[in-house]
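Colleague: Starting from the known structure of chain E, fit chain G onto it as the hints suggest.
Chain by chain, the residues:
Protein chains: 2
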Amino acid sequence: IEEGDNQAVYDMVAPLHPADIAELFAQAPVEIRRPLAAAITDLMSGEVISEMNEWVREDLLKSLTGQEVANIIAQLDLDDAVVIVSELDAQKQQETLQALSSEDRAAIERALSFPLESAGRMMQRNLVAVHENMSVGDVIHYLRQNDDLTTDFWEVFVVDPSHRPIGTCKLSKLLRMPRHALIQDIMQPEQTLIPVTMDQEEVALRFQKYGLISAAVVDESGRLVGMITVDDIIHIIRDEADEDILKLSGAGDGDINEPVLDSYKSRVRWLITNLGTALVASTIIGFFEGTIARMVELATLMPIVAGVGGNAGSQTMAVTVRALATNQLTASNCVRSITRELRIALLNGLTVACVLGAGTWLVFHNVLLTEVIALAIMSNIIIGGLAGVLVPLTFDRAGSDPAVASSIFVTMTTDAMGFLTFLGLATVSGLTGA
Amino acid sequence: IEEGDNQAVYDMVAPLHPADIAELFAQAPVEIRRPLAAAITDLMSGEVISEMNEWVREDLLKSLTGQEVANIIAQLDLDDAVVIVSELDAQKQQETLQALSSEDRAAIERALSFPLESAGRMMQRNLVAVHENMSVGDVIHYLRQNDDLTTDFWEVFVVDPSHRPIGTCKLSKLLRMPRHALIQDIMQPEQTLIPVTMDQEEVALRFQKYGLISAAVVDESGRLVGMITVDDIIHIIRDEADEDILKLSGAGDGDINEPVLDSYKSRVRWLITNLGTALVASTIIGFFEGTIARMVELATLMPIVAGVGGNAGSQTMAVTVRALATNQLTASNCVRSITRELRIALLNGLTVACVLGAGTWLVFHNVLLTEVIALAIMSNIIIGGLAGVLVPLTFDRAGSDPAVASSIFVTMTTDAMGFLTFLGLATVSGLTGA
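Protein sequence lines correspond, in order, to chains E and G. For reference, each letter of the first sequence is one residue, going -3 to 430 in the working numbering. For reference, each letter of the second sequence is one residue, going -3 to 430 in the working numbering.
Chain E on its own, in the form it takes in the complex (with noise of 0.2 Å):
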């Protein structure tokens, strides 16, 4: 269908809604991208590139002119106009917001002031605020008159007369009450004021909490400057838990619309960090050479003490990792998660230990090898449950992103730790009659 007939295209496309003409792109292989958007031009509304994966876009704008892209931002809503803006290079990025209306420009260029990922960029300017001695009556006509307002908003904010807001009234209790009712009588007091500069994720966290469908945000002097609804967070929602996933397993952003240059660096950038700590590993089986000499079968055995031990630590980090990034682990609840977390690790440990020494010895036949490899996993089952909510906490306690690095030292220490126990204990053991 591709090759040629443009009108046929038109034609298939244009009944879509914005969003699947967005996933439309991300489905048709890269080469037939840039003649798809030049098919159907006039279906390129700004919805349609604001719900377009970012990688897909990225590529899309750089066939674009400055004025191109300021004609597409200019009908976006503020949020989405910042997010495309900020993805832009410096020049194109200068170029769009020369092309801009002044008004648009001063917007944008305010939102990009705030820090990446804060409350001032994910907000909207466009809402409806009245204030707090006006009746029912008096904010039903405001909004009939005023046709340049958005639609797009399911509370209006009260605010007093310094423009800081005291409350919030929805629509559904503004069309319920009678016409005479004042505003301030009807009005929720406000309790979820967010600062310009609240970090995305904690803005998330405080919407499905208090289950808010919009909240106002307010700068440092605390009058209220815009408005975060409901719809933006359900992608920052998905996308802190996405991250969480692919930072746990060093997959860098992880879209599969990612260049393969950009997927490569840094993915191999954890890959090389990960060879790094396989070399202490490593190093520690190198003291124990003498002892696998005298017994070869160790060095059958080593991998599954060490291997498991790391998916126990696995286990323990995903949940403690979790709970830390939905603020569910705090320091009052800190040391019962650890204890815990011991606990099921003893259980395991147990349990697996059992499993394996039995298997070893209907194998081997020798009960000092099964005390041995027996020993050995249930410490590693247990260090491995240890570290895996030990490391996320401390790196947590120090101000950094706990699923970054967690798992390389997880892993190092269960691997480390399985091979010293195991091999350790059988040097020390006599098994391999030193």
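It cannot be assumed that every hint is accurate.
Given that identical chains are not distinguished, each listed pair holds provided it fits within a single copy or across any two copies.
Unchecked claim - BS3-like cross-link-like pairs, simulated, lysine-lysine; straight-line CA separation at most 30 Å:
(1) LYS58 to LYS205
(2) LYS205 to LYS88
(3) LYS169 to LYS261
(4) LYS205 to LYS169
(5) LYS88 to LYS169
(6) LYS169 to LYS58
(7) LYS58 to LYS88
(8) LYS261 to LYS58
I should point out that these hints are in silico values taken from the structure, not numbers from a laboratory.
Modeller: Same frame as chain E, but now just chain G:
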């Protein structure tokens, strides 16, 4: 504070938001939770209970009678009530349902008849549906007259005479239109009807994709039976992403409030499985005992080849599992994804092989050993990359959840192939002089 002075406790807790009270319970040590609940009985609103962590709640509800649970449930929205009832054991569930009004009981029993995690279980029945030929004024009048309608709605659903949804109208739009405008002229035609049996993950993806705030749920005959709102979706998005992290590491439910025995059961199953797959790798090493006996350094180096390959596999797997979960990876771009991962794996393999080769040369001054280890790690990174994309894709194609079992198979593959390529190459290359 928790020892005696109930009044003081009450005064401290009273000003908190229900979600904060719920969190307080999760943070408090287990033995304090019941006395705390007793001290603040009349603050224990349905909202507090429904915001609670499920394990904490389950434990608290055990001490209540069916009648007491029913009193709590009567205050809740249907979707929250269904969650709580479904968590009770069979006998308590029966008692609770008996104690409810027949109307509530019927609604809950109907919801429970839908499959677990389906739209039918998540939906609320409190919604506002209006006829297409009503005017804006009629709708506002209807809303003002019916005091028992919910205030938790953001859109009204427009239905035809047989109660099939044909469109929605945002409240913001309703407020801005003149009273005489007809609903059918200002509504948006309905694009996203949710069948009662749709899986919650699918529902969440629709909400994300189309930026929905609420959606109509319809039964088999297309009639409007309920509504799902975005605040319920937020929890699902987080839970589903969390699940994937936890499944990938075999950590079961992975909640820090889960009882130790439950966690133990789900995790130990995984560790035992892991023991089985580790045996495969171990058996492969066993074939090469002769080789290792002749050159014990091989035992020192072999975990590096297996470990780094395993890491490369996990990276690819994390990316693939998330892309599958978010519907980004489909039949049409599956071949492209495999090629993409293969190219990244080639680059990664080349880089790591150079680094490790150089290191091996510096330590051992053995050209053949250097060649063997470089070739082995490069193959294993490529194998890991392929397994990381092919294993989850195969599970997905076969209709099972790729997050659950992929990581076991990927690790087994990279471990087994890592040992096989390294020790195999060492043997056939004549490195050990055999």
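Colleague: Would you mind marking each hint as holding or not holding in the structure?
Modeller: Tested hints:
| no. | hint | verdict |
| --- | --- | --- |
| 1 | LYS58 to LYS205 | between (40 Å within a copy, 25 Å between copies) |
| 2 | LYS205 to LYS88 | between (40 Å within a copy, 29 Å between copies) |
| 3 | LYS169 to LYS261 | neither (53 Å within a copy, 48 Å between copies) |
| 4 | LYS205 to LYS169 | both (22 Å within a copy, 28 Å between copies) |
| 5 | LYS88 to LYS169 | neither (46 Å within a copy, 37 Å between copies) |
| 6 | LYS169 to LYS58 | neither (47 Å within a copy, 37 Å between copies) |
| 7 | LYS58 to LYS88 | within (9 Å within a copy, 62 Å between copies) |
| 8 | LYS261 to LYS58 | within (22 Å within a copy, 53 Å between copies) |
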